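A.B. asks: One letter stands for each residue in the lines below.
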Amino acid sequence: MNIKTLQHCGLVVRDLERSRWFYGTVLGMQEVPRPANFTFGGAWFQGGDSQLHLILASDTTAPAGFVDAGPAKHTGLATHLAFEVQDLAAVQTTLARHDIAILGGPMLRGDGAEQIYLHDPDGYLLEFYHWTDRRAQDAPERGAIHA
Amino acid sequence: MMGSRPRTVVMGGSLGGLTAALTLRDAGCEVEVYERSRTPLVGQGAGIVLHPVTVRYFTENAILDISRASVTARWVRYMGRAGDIIDEKRCPYRFSSFNALYQGLLDCFDADRYHLGEAIVSFEQDDDGVNIQCASGRNERADLLVCADGIRSTARRRLQPDAALEYAGYIAWRGTVDEAELGSNLFSFLRDAITYHIMPDGHFLTYPIPVVDGASGLVHPCINWLWYRNIPKGPELDDLVTDRDGVAREASVSPGMVQERHRAQLLADAAALLPPPLAEVTRDTARPFIQLIFDCAVSRMAFGRVCLIGDAAFVARPHAAAGSAKAAEDAWKLSEAIKEANGDVVTALRSWEAGQLLLGQQVLARTREAGRRFQDGTWPVGAALSFGLYTVGDSTMS
Numbered sequence: 001m002n003i004k005t006l007q008h009c010g011l012v013v014r015d016l017e018r019s020r021w022f023y024g025t026v027l028g029m030q031e032v033p034r035p036a037n038f039t040f041g042g043a044w045f046q047g048g049d050s051q052l053h054l055i056l057a058s059d060t061t062a063p064a065g066f067v068d069a070g071p072a073k074h075t076g077l078a079t080h081l082a083f084e085v086q087d088l089a090a091v092q093t094t095l096a097r098h099d100i101a102i103l104g105g106p107m108l109r110g111d112g113a114e115q116i117y118l119h120d121p122d123g124y125l126l127e128f129y130h131w132t133d134r135r136a137q138d139a140p141e142r143g144a145i146h147a
Numbered sequence: 001m002m003g004s005r006p007r008t009v010v011m012g013g014s015l016g017g018l019t020a021a022l023t024l025r026d027a028g029c030e031v032e033v034y035e036r037s038r039t040p041l042v043g044q045g046a047g048i049v050l051h052p053v054t055v056r057y058f059t060e061n062a063i064l065d066i067s068r069a070s071v072t073a074r075w076v077r078y079m080g081r082a083g084d085i086i087d088e089k090r091c092p093y094r095f096s097s098f099n100a101l102y103q104g105l106l107d108c109f110d111a112d113r114y115h116l117g118e119a120i121v122s123f124e125q126d127d128d129g130v131n132i133q134c135a136s137g138r139n140e141r142a143d144l145l146v147c148a149d150g151i152r153s154t155a156r157r158r159l160q161p162d163a164a165l166e167y168a169g170y171i172a173w174r175g176t177v178d179e180a181e182l183g184s185n186l187f188s189f190l191r192d193a194i195t196y197h198i199m200p201d202g203h204f205l206t207y208p209i210p211v212v213d214g215a216s217g218l219v220h221p222c223i224n225w226l227w228y229r230n231i232p233k234g235p236e237l238d239d240l241v242t243d244r245d246g247v248a249r250e251a252s253v254s255p256g257m258v259q260e261r262h263r264a265q266l267l268a269d270a271a272a273l274l275p276p277p278l279a280e281v282t283r284d285t286a287r288p289f290i291q292l293i294f295d296c297a298v299s300r301m302a303f304g305r306v307c308l309i310g311d312a313a314f315v316a317r318p319h320a321a322a323g324s325a326k327a328a329e330d331a332w333k334l335s336e337a338i339k340e341a342n343g344d345v346v347t348a349l350r351s352w353e354a355g356q357l358l359l360g361q362q363v364l365a366r367t368r369e370a371g372r373r374f375q376d377g378t379w380p381v382g383a384a385l386s387f388g389l390y391t392v393g394d395s396t397m398s
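Protein sequences, first through last, are from chains U and Z. At position 28 of the first sequence (counting the first as 1) the number is 28 in our numbering, and the numbers step up by one without a gap. At position 221 of the second sequence (counting the first as 1) the number is 221 in our numbering, and the numbers step up by one without a gap.
It is worth saying that the hints were derived from the structure and are not from the lab. Any given hint could be a false lead.
As the list claims (entries may be wrong) - EDC-like mimics (lysine to aspartate or glutamate), calculated; alpha carbons at most 20 angstroms apart, straight line: (1) Z/K233 <-> U/D133; (2) Z/K233 <-> Z/E280; (3) Z/K233 <-> U/D87; (4) Z/K333 <-> Z/E353; (5) Z/K333 <-> Z/D26; (6) Z/K333 <-> Z/E32.
Fair warning: this is a prediction, and the values are worked out from it, not measured in the lab.
With the hints as constraints, model all of the structure from the sequences given.
C.D. replies: Right, dumping it as structure tokens:
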């Protein structure tokens, strides 16, 4: 097997309009058409080469959102989706304008990436990162999280 | 003694954070300091013009003899193009160094409450407290979080993401030289003065700073120098801040990391443009380094139980010599407000904020104006220096 890429993530969401606002308006992802044979509620979004496939919770038996990770969500030690962006500060400004709280960061990962964590409206843990020239020794130790 | 002992976390263990930690501890708070660096901080030869509040902790507690952590000079001098003295007045200032002040403050604080290698990556507050998460996995709950995490504050970026660092349009080449490197004639000439040279497009200054010998504890003076040069944003600046490893640095290029061809260009420019004694100072400095000059203003410093102090709030250009004084003043006023409010953190921060915002705005406005005149050639030779915290001249310490 030769995996080429993680092309999309499917997310079950409770409120399609709320998620359209978050992924489309706030994050600026492009909504793209779904196949015509998809008659259940949902929406697809494109950002770079990746897609998000939103699935309306009331049209499926699957629950929406990740389980809240507790303190570990602040440093990303939990199931999460990561988006690479050009400029993390611009993302933070946009998030602040929409009153969306940052759960962790900005912090260095140790390989030059600087990252933040936040929740989407359904409680999915999202990471945003950009590449910096900051050295590994500037990055804090990332240790185990205990409640 | 206050009714309650607010549990306090200080984010950042540099001069401002340590002053906050000490004054809040003495005011009755239970204080822990989290510093992201894994090793004790070392200033890169940075000189500090003292202000009474910068050393207020030492003087009020009679802990450290200021004369052992600072040096004086007799003259404020302006030097002409030929190296001649064109103006000379008595100097009412004392000069110290980051390392001397940091070590002095650190020695006053409880070693087991000063935590190195702890980077706070998240804080969330509710009605009763602040939850604080460190990258290391450590989490804490506090009544008060004081963010003193410096020029590139992550706390500021979380709380005021629109308050960006604005590049001022110039950089400082800087360094330190000792007597052996400089030769005793030039050394003793510069040792006794703060010396300015005003150019059409920048300025150069030198002043003595104390260097504390780690082994003997003896203080011997060095000459600290800065050459402020206008460099607009663009390819020239991008190239200059690219270090030996090809990494483009955002705020400074450390000693030893400046590219050799940039140092060579510096020395060539110094020979062509500076008075001969200052060109020699530049040439005799083995490891000059580069600092970019920034402005930054916030619109708030108090956020419920969380506050920004010092450079984490306002970043001002160095011309008032007020950076460390402003941080210390923010810290002292904070501890006084906490005492005044009998440990009620939210009330204390609310009453503290207005005066510190005003102070930050004033220092910023004053240093912007001084910087403009120093960098466009309109600073009058012989003019009194712009040093001061609340007003010019209040940092006199003879």
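A.B. asks: Give a verdict on every hint.
C.D. replies: Tested hints:
1. Z/K233 <-> U/D133: holds (18 angstroms)
2. Z/K233 <-> Z/E280: violated (29 angstroms)
3. Z/K233 <-> U/D87: The given pair, whose Cα atoms are some 18 angstroms apart, holds under the 20 angstroms limit.
4. Z/K333 <-> Z/E353: holds (9 angstroms)
5. Z/K333 <-> Z/D26: Between Z/K333 and Z/D26 the Cα gap is close to 13 angstroms, so the pair holds against 20 angstroms.
6. Z/K333 <-> Z/E32: holds (19 angstroms)
Of the hints listed earlier, the one the structure fails to meet is number 2.
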